[in-house]
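Given next are the chains, with one letter for each unit.
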Amino acid sequence: MKIRTVQLFSFAFVVAAFVVAAFVFAGVVAAQEPAVVAHDAWVRVPAPSKMDTALYLVLENHSSQPKAVVSASSDAAAKLELHEMKMVKKDDSMGKSGDSMDKSMGGSDSSMSMDKPASQPMMTMTPVSKIEIPANGKVTLAPNGLHIMMFGLKSRPAAGDKINVTLKLDDGSTVPVVAIVK
Amino acid sequence: MKSWPRLAALLLLLATGCRHAQLPVLPIGGDFGLTDFNDQRFELSSLRGKAVLIFFGYTSCPDVCPTTLSKLSSVYKRLGADSQRVRTLYITVDPGRDTPTVLKEDLSTFQVDAIGLTGTKAEIDKVVKLYGASYEIVPLPDSAAKYTVAHSTTLYGLDAEGRTRILFPYEASIDDIVDGVKEILDSRT
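Chains as they are written, first to last, in this note's numbering: chain A, 1376 to 1557; chain B, 3 to 191.
With the rest of the complex left out, here is chain A (with noise of 0.2 Å):
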C-alpha cells in the first residue's frame, strides 16, 4: 500500500514537471516569437531580357506597436528597393501627392496626351521610404500595389526556385523571409 502511495505522488510529481515545463517553454517561445512575420513570398519570373523581378508577400505585425520596414536585401540580388505601383489621373500632376515624380525630363515634350475621351489614369511605380504594417494588423504586398523591386539579380531564377530576403524595421530588428519563384 506503501509502496503504491509513493508511485502515485511520483507519478504526479512527473506530470506537474511536465506541465512546468511545457508552460516555460511555451513562455519562452512565446517571447521569442517576432513581433513582425513573413508569409506567402513570391518572386516572379524575371522576364527574360531582365535581371530585375519583384518580391510579394504579407507582413504581420503580432505586437501592439506599428512597424515599418525601411529597407530590404538579399545576396541574390544587388540592390532592394521598396516601390508601389498607383494610379494617377494625369491632371493630379503627378507629384502633387508629394512623392518624387518629377516632370521635368523632357519637358512636355516626353508626355502625350489627348483631351477626349477624358484623359485615362496612368499606371505608375514610385520607390517609397518605408511600408507601415499596422500595430496587430498586416499588410500584403501584392501586384498592382505595393512591392519589393529587387535590382540586379546574381543569376537568373527558375519557377521553384527560394531566395532568401532580409527586411530591416524601424525598430533595428530584421525578418528572414524565404521567397519561393513562380
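All the given hints hold, so there is nothing to weed out.
Lysine to any residue pairs mimicking SDA-like chemistry, simulated, CA-CA at most 25 Å apart:
#1 Lys1537(A) x Asp1415(A)
#2 Lys79(B) x Asn1519(A)
#3 Lys1505(A) x Ala146(B)
#4 Lys148(B) x Leu109(B)
#5 Lys1464(A) x Lys123(B)
#6 Lys1537(A) x Ala1517(A)
#7 Lys1425(A) x Tyr149(B)
Hints are computed from structural coordinates only; laboratory data are not their basis.
Note that the coordinates shown come from a computational prediction; the quantities given were computed from them, not determined experimentally.
Following the hints, complete the assembly by docking chain B onto the known chain A.
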C-alpha cells in the same frame, strides 16, 4: 395582362439584337505604322479581317504589363478556336530600352499571339495620340531603375476593319475581355 409575355419576348429580342448591332464605333484610333519585333515594318492595315487588341506598355514594367499579358494568355485559352481570329499588339512607350530583340525575347514567355511594336519616339507619340493614351517618362535618380514610364493601361478592342469598338479598363476581368472580344468578332462591319 396577356400581353406581358409578348412584350417581354419583344424586349428580349430587341436587347439581343442590339447587343451586336449597336457595339459603338469609338471616335479614337486609326491606322498606323511601326516597327515590329522582327525589325520589319508593320502596318495595322495588314490585320484586316482579325480582331485586334492593343495596349501600351514597356518591358521593364515589373507589375502591370506582365499582369495584362498573363490575363491575355487566359483570354486566348478561353477563346479556343476563336483566338485564331485575334491578334494582340504590344506597343512600347520605352523605345530607348525596348529594341525589337528585347520585345521579342520578353513576349516569348506569354501564351499570347502578340506582336511587339516599337519605333522612333515621334512615331510612337503619334500612335499614343491617335488612341487617346498617355505616358510620361519619370526620372528616378535614386533608384536602380534610373527612370520609370508612367502609362495609361487601357486595352483597345478593334474590329476586323481596324475600328476601335471597346475600351477595356485595366480592371477588366478575363471574362469581361473574352465577352468583349466575342462581341467584336460577332459585330457587323
